[in-house]
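Following the hints, complete the assembly by docking chain B onto the known chain A.
Number of protein chains: 2
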Amino acid sequence: MSATQKHVYLFSELDQAEAYVQGNWDSTRGLLGGKGANLADMTRLGVPVPPGLTVTTESCNAFLEAGEEFPQGMWEQVLEGLKVVEGKMGRKFGDLHDPLLVSCRSGAKFSMPGMMDTVLNIGINDAVAEQMIRQTSERFVYDLYRRLIQMFGSVVMDVPDEVFEAVIEAQRKVSGVKTDAEMTAEDWKVVTKQFKQIYNTYTHEDFPEDPYLQLKLGTEAVFKSWNSRRAQAYRNAAGISHDLGTAVNIQAMVYGNISEDSGTGVAMSRNASNGKNELEGDFLMNAQGEDVVAGIRMTEPISELKTRLPEVYNQFREIARKLEMHYRNMQDMEFTIERGTLWVLQTRDGKRTAQAEVKIAVEMVEEGMITRTEAVRRVKPEQVDFFLHPQLDAGAMKEAKKIASGLNVSPGAAVGMVAFDADTAERWAKHEGKQVIMARPETKPDDVHGMLAAEGILTSKGGRTSHAALVARQFGKPAVVGVSELELDLIARKMVVSDSIIIEEGDWISLDGTLGEVYLGQLPTVVPDIKNPGLIKLLSWADEIRKLGVWANADYPRDAQRAREYGAEGIGLCRTEHMFFEAERMPIVQRMIMARHTLERKEALDQLLPLQRGDFEGLFRVMDGHPVIIRLIDPPLHEFLPSFEELVQGLADLKVRTQHFHTLSEIDSALAEIRVKQDYLEQVEALREQNPMLGTRGVRLGILIPELTQMQVRAIFEAACICSKDGVDVQPEVMIPLTSHVNELKIQQSSLEEVACEVMKEQDLEVKYKFGTMIELPRAALTADEIAEVAQFFSFGTNDLTQTTFGISRDDAESGFLMEYIQRGILKENPFASIDPNGVGKLIDIGVQGGRSSRPDLEVGICGEHGGDPKSISLCHRLGLNYVSCSPYRVPIARMAAAHAVLEENP
Amino acid sequence: MSATQKHVYLFSELDQAEAYVQGNWDSTRGLLGGKGANLADMTRLGVPVPPGLTVTTESCNAFLEAGEEFPQGMWEQVLEGLKVVEGKMGRKFGDLHDPLLVSCRSGAKFSMPGMMDTVLNIGINDAVAEQMIRQTSERFVYDLYRRLIQMFGSVVMDVPDEVFEAVIEAQRKVSGVKTDAEMTAEDWKVVTKQFKQIYNTYTHEDFPEDPYLQLKLGTEAVFKSWNSRRAQAYRNAAGISHDLGTAVNIQAMVYGNISEDSGTGVAMSRNASNGKNELEGDFLMNAQGEDVVAGIRMTEPISELKTRLPEVYNQFREIARKLEMHYRNMQDMEFTIERGTLWVLQTRDGKRTAQAEVKIAVEMVEEGMITRTEAVRRVKPEQVDFFLHPQLDAGAMKEAKKIASGLNVSPGAAVGMVAFDADTAERWAKHEGKQVIMARPETKPDDVHGMLAAEGILTSKGGRTSHAALVARQFGKPAVVGVSELELDLIARKMVVSDSIIIEEGDWISLDGTLGEVYLGQLPTVVPDIKNPGLIKLLSWADEIRKLGVWANADYPRDAQRAREYGAEGIGLCRTEHMFFEAERMPIVQRMIMARHTLERKEALDQLLPLQRGDFEGLFRVMDGHPVIIRLIDPPLHEFLPSFEELVQGLADLKVRTQHFHTLSEIDSALAEIRVKQDYLEQVEALREQNPMLGTRGVRLGILIPELTQMQVRAIFEAACICSKDGVDVQPEVMIPLTSHVNELKIQQSSLEEVACEVMKEQDLEVKYKFGTMIELPRAALTADEIAEVAQFFSFGTNDLTQTTFGISRDDAESGFLMEYIQRGILKENPFASIDPNGVGKLIDIGVQGGRSSRPDLEVGICGEHGGDPKSISLCHRLGLNYVSCSPYRVPIARMAAAHAVLEENP
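Protein chains in written order, with our numbering: chain A, 7 to 913; chain B, 7 to 913.
Okay, chain A solo, but in the shape it has when bound:
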């Protein structure tokens, strides 16, 4: 490294830094660190940033390589730079006339905990303090002084921070005050003196009076902290390279608490709750930054600044606008006003609600600030979910008493009366018609019935993968977990929040699962409108980007109608058996199943035919011009019958009762009933299977009971013909479930063709249709090349495919070992929530490749629940599927996720 090497860049020397790295913003951040680059960037924009300088990351690396020695010329450059800062501020570092104080902060390329953070107020010593007191006030200066010693001591010299805190605590008691704000000048003077003694005790040195020594030690400490154990561990975990080094930022201090025309505040360039294009924030006059956050004094809304200091307000508004234009995003800014002069200390992209995100993204496109693609990229698919769940009313939330915060593990709002156990929750909800929030220290599988009955779930323990969190997400229940301020007393039936607020069982509370917040009382909720104009625009832009089609799973015309409204381009799955489950149809279905001979079965099927035809007619009419995939019957037949256990129990009870009968006629009729039940039981038993999931279902039923699927096919084609005659553009696709071998499909195809031709001849009409299959067993995916010779389309049933690929019964596992696997990190994610890419995903890949090798124009989709999961949608896009099909409610999310999948390819 040559002697002429530039180690130090003033905030005003960004152009030089850029020229040196000859690169982009990324390499500039590499040289100056994130914070330094940002401060320089604002400076170049003409934003009033307190002047300062950045010692480069290269200097840090040189320092560490040289055995912790500053590289040649570096310190001299710091001193030179400091001169420039002094000039700009009109104050001098260590000067006894008008002293300049500075801060010293680390700033690596990536934000990184574990490194030395911040030392403020460098430059005070006893003499400087005396002079400053003359210019300001004793309390102000000793407050600064004691802070310097505490920060310097703990951060630079490793003095335990608790010792300093104990001194303050003691002094508060001596003075009989509760908060630091009440401390007097004398108090801080005493504390400062004691801090110096502590410093000496722990470091065996006096606190350095020389301001330059303070600065030098601070700079060294920042450099050294790059190699601290905590920083190294963090870099290892986060995959950050160890050779980046950290920069050091030395910046002039400004004071918002120095006078009545001083102040400090934080503000967003737009409203973070609703996205309105207006400044939003709070400020305090004559105060320090941390006072705003601490909430000891009542802050004023930013609009008040207009009255107080109209020029400053206008200047700030202009700066906000400028920063927005520059960063092309809503900004979250910190500012300080020192004696009427505005300084901006920091700016960053502002956090916002989903509602605001959408509004801001759309308006910024309209303002020409960003492109449509950028707008789509900014709104996460999950944020679209916001528009589909009830939310706590934003206005009411501001007014209401927020009593605690926890982990936001399952989104949406829930309002209800607290119940402290699952049985109470269930009883209140089911039998007393109450709205209930179930609160527990943590939940177990035994609690699931209560969780299902409740509006929302609240726990004091547990994390993002706790049982409560997993179950809540699973069933779409809003939940806040791990609220440590909460103490539940299950004996006294009450909970205490932060040792102060007492909530009795039955009291109303409100949860915001999206933010993880708990409110006292019964807050109003709103259902955000899916017809939000901004959202509609944004989704239409997403549609322009995405390549995957988005279809919906719908069994009834009303579901299909909703799916269309939400933008579905087809029905990817109509589960015909759901129609069987309707109350008035069940007896016919049961008669069909229990039929002792074909004729009896035929009679039952004949009764079902017009009902199913009606169902399909409705679907075709709603989906006019769009494909409708109808899956033939799938579940094992015993699902339509009473359970075996129930029947055994019922029979046993009946036998016990019979013993109490005395009259002959009573006994006779009881015995007759027993015989009937016994008979029924035997039939049910014959249908029982040890592993029904792997049993007689899907296409296997179609092969064993051809008349059943033939009835369904007839219903489909009769409905198609009737609708077609009415001018409806029908596009039926008949889907066979649970195929494992191409021969199953061949048999079903010829059976179907026969019926289809028959119906079309009867109706004297030609209806175009497709014939295809679910791919939901590993063998189907593995032999997709053979299967695609018969099937014109594939639909991956990833629920079943996940079950067989993992060998996991979902029903059993999600209340059993699977949750333990996820909690223990054996599985990173629930494979039933997000497609397992290495196993199931690989099988889908094999299936798609195989299928297309035989039939290049094969239509391939997915209709499992994964079809509405953004991560899974992204995988489907990468694997080259044609569409995803999901629940109607998730169609908007899927449209967004499909666009993101495209954008992920060009980050």
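It should be emphasised that the hints constitute simulated quantities derived from the structure, not laboratory data.
This one's a predicted model, so the numbers in the text were calculated from it and none came from an experiment.
Honestly, I wouldn't trust all of these hints.
It does not matter which identical chain is meant; a pair holds if it fits inside one copy or across any two.
As the list claims (entries may be wrong) - Calculated pairs, DMTMM-like style, for lysine to aspartate or glutamate (alpha carbon to alpha carbon, straight line, at most 20 Å): (1) LYS683 / GLU651; (2) LYS450 / GLU695; (3) LYS537 / GLU438; (4) LYS834 / ASP791; (5) LYS553 / GLU380; (6) LYS661 / GLU651; (7) LYS608 / GLU583; (8) LYS450 / GLU688; (9) LYS683 / ASP659; (10) LYS450 / GLU691; (11) LYS683 / GLU652; (12) LYS450 / ASP429; (13) LYS752 / GLU826; (14) LYS834 / GLU795; (15) LYS834 / GLU792; (16) LYS199 / ASP216; (17) LYS500 / GLU284; (18) LYS752 / GLU835; (19) LYS683 / GLU188; (20) LYS436 / ASP513; (21) LYS661 / ASP297; (22) LYS386 / GLU550.
Coordinates of chain B only, in the frame set by chain A:
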């Protein structure tokens, strides 16, 4: 085709034919057809074959191409050749002094039904007949004559054969006789006359008196039959090319029924039952070939010929030896003696029993006739099975009354009393200790309990894939099905065989499932010795060839001992839970499962530890120097508990009984019992799963109840250390079942290592071991690359892998839809019997490739039941596995199959 083209080859002109095709035996067969080439081959060897000639397949093609016209010069060549034949026989075709008759037969390259077969006795007309009568007898000649007209009429001129048969039938009635043998000369004369009239009626022509016209029409008919619809359909089905054409063989007739020193017979060059190197066969003096087969006259054993015609006998023995040497295989020959002169009419490789196959193959190696590889190639792996099943005593079979034959669908012998329904079969077998054969018209799933109780199964209907056949093979029960001679009268409880023999229920019969034969009475059985010296030699030769290792699945030392004796090179699967099922251990196991807390569980496990350690010690000692793979506990825990249904029923019964109690103490104790049972029931219910096959089992148990697998690991390593101290070379391999994710394996590995190190430290001994996993879930195979980073070996569990790949629960499906699938040909084979190559096989391939990509020296085997199935073994070889592991009884078959797998690669 030039005029000098050679269309006809005498049987003695094989060299010329070979020179013409300039090729190998295959192209010679292509020119002369299979039959022609064989007759010529025997002729060249000097075997006395009646002289004749072959018209080539090329001539046939030319004939068909030219619009059914003989190619130029062909007929002239036939006539020339015929002259040579006349010269050799000293008779002349159509001559009135010493007439020659000939046969005319088709002969394509491959044996092929659907073509014209045979016309014998060509050359007779009224004048020739008169002359022949003078030389022989009237009956003899008219018998020949009527045969000619019938064969010529039906085969060449398409006159319906039934019409001729009706005439014979009528004549038998007229003469009051039952068989053709009783017909007189006059009878045949009348028949001949009527045949001529029929011929005229159907063809509108007289039967051709001109011998040359007879021959010409016969030759044309053979050529034309190549393009008959039936022949074309057969070729399409068998994949035989349509342009091969057929040859025509014209051969001098010889007569075994012409005099007292004439005769005919069939004989094998070695004993087909036991393989002894001696002629074996039967003959009849003064008889025609078909008389031997028809069984009307009592045949004499071939050894008798030695006495009758010693020179002929010796000549035949030499010929047999010569043909064996030439064809390097045991020969099955047909011969005729005409007036003391021996003629050989046909030879082919002889069919033989498994026992004979082995003996002959081994002896031919010792005689230097074939190589060891050829010997191994000849003995099918399934034939080795013979040595492992009881068989009917061969001597007794000869003496016994064979009453019927059917399909040999499941090998082995069964002897028992007939029962005509499943309940009777079960009652007799289980409760009365009888040996039972269950006989039914056909079987249904309801009959399975009877089939299981029976020694063997017999049905009158059904084919190789009938329910009876499938179930019998499944459970290793000998079975003969589709015995059409059998008529069952289930009401009268008897069966009638061939309208004559009556068998009452309870009568003894014997079945040979290997041959498909049914015998009257209780035949003795023999268990062929696996220590058969020939077999041992043959297996050792197979061992030299095979590349796959053959290991065995064994849970107990006695099984391991047998496996070693049968040649197993390791234990591929020890199912540790089988040890739990032993009666005295079950209570401890149940206590372990039901434990309410860890301490209670620990106590039960401490009791199990020494028992398991003892099991492993025994295994290690038997397998000294060989690997032993021990699989940690696999089945779901509820398998060790009483069934839920049983408990519900028991509790209900108890409640009913309680109602009859009167004293307080009775009621009290009953109530206490109810409480205990209720409690137990609840615990069992908590363990119930909807799909246990996909539930909490395998490694999932190991993760949820670590102390259980830790006990097992401790038992393994304590046993290993103890044996090792005794000088035993222990090679333990610990196997984790049901892995779906590498993280499961990582957890188990660290748990195992901890215990293993602990034990080895305690014992102050180092024991080398391997750590690996079953690959029995699709996901494990798909992510084999990740899994092999932890596992040192894979063992494919193809039973489970088939279940999840197909989505089939074996327990349910094999008594349900799967059998129907196989019967209907939807699946060609039961995938639980033979690995499905396209689905499961592909997954194994992915698993092997993936595993070896991470760990090139990965040890890969298979331990499902497929490990003993020859087809599956062949697949395992092709997929590059290191070994197969099967039941000890199948080890010899597997050794043979593994050798065949190598040989299949170089057919």
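Against the structure, the hints come out as follows:
no.	hint	verdict
1	LYS683 / GLU651	both (13 Å within a copy, 17 Å between copies)
2	LYS450 / GLU695	between (30 Å within a copy, 18 Å between copies)
3	LYS537 / GLU438	neither (35 Å within a copy, 80 Å between copies)
4	LYS834 / ASP791	between (32 Å within a copy, 18 Å between copies)
5	LYS553 / GLU380	within (17 Å within a copy, 61 Å between copies)
6	LYS661 / GLU651	both (15 Å within a copy, 17 Å between copies)
7	LYS608 / GLU583	within (18 Å within a copy, 49 Å between copies)
8	LYS450 / GLU688	between (37 Å within a copy, 18 Å between copies)
9	LYS683 / ASP659	both (12 Å within a copy, 17 Å between copies)
10	LYS450 / GLU691	between (33 Å within a copy, 17 Å between copies)
11	LYS683 / GLU652	both (11 Å within a copy, 19 Å between copies)
12	LYS450 / ASP429	within (13 Å within a copy, 50 Å between copies)
13	LYS752 / GLU826	between (43 Å within a copy, 16 Å between copies)
14	LYS834 / GLU795	between (37 Å within a copy, 19 Å between copies)
15	LYS834 / GLU792	between (34 Å within a copy, 15 Å between copies)
16	LYS199 / ASP216	within (17 Å within a copy, 145 Å between copies)
17	LYS500 / GLU284	neither (43 Å within a copy, 101 Å between copies)
18	LYS752 / GLU835	between (38 Å within a copy, 17 Å between copies)
19	LYS683 / GLU188	neither (82 Å within a copy, 70 Å between copies)
20	LYS436 / ASP513	within (18 Å within a copy, 69 Å between copies)
21	LYS661 / ASP297	neither (77 Å within a copy, 73 Å between copies)
22	LYS386 / GLU550	within (16 Å within a copy, 65 Å between copies)
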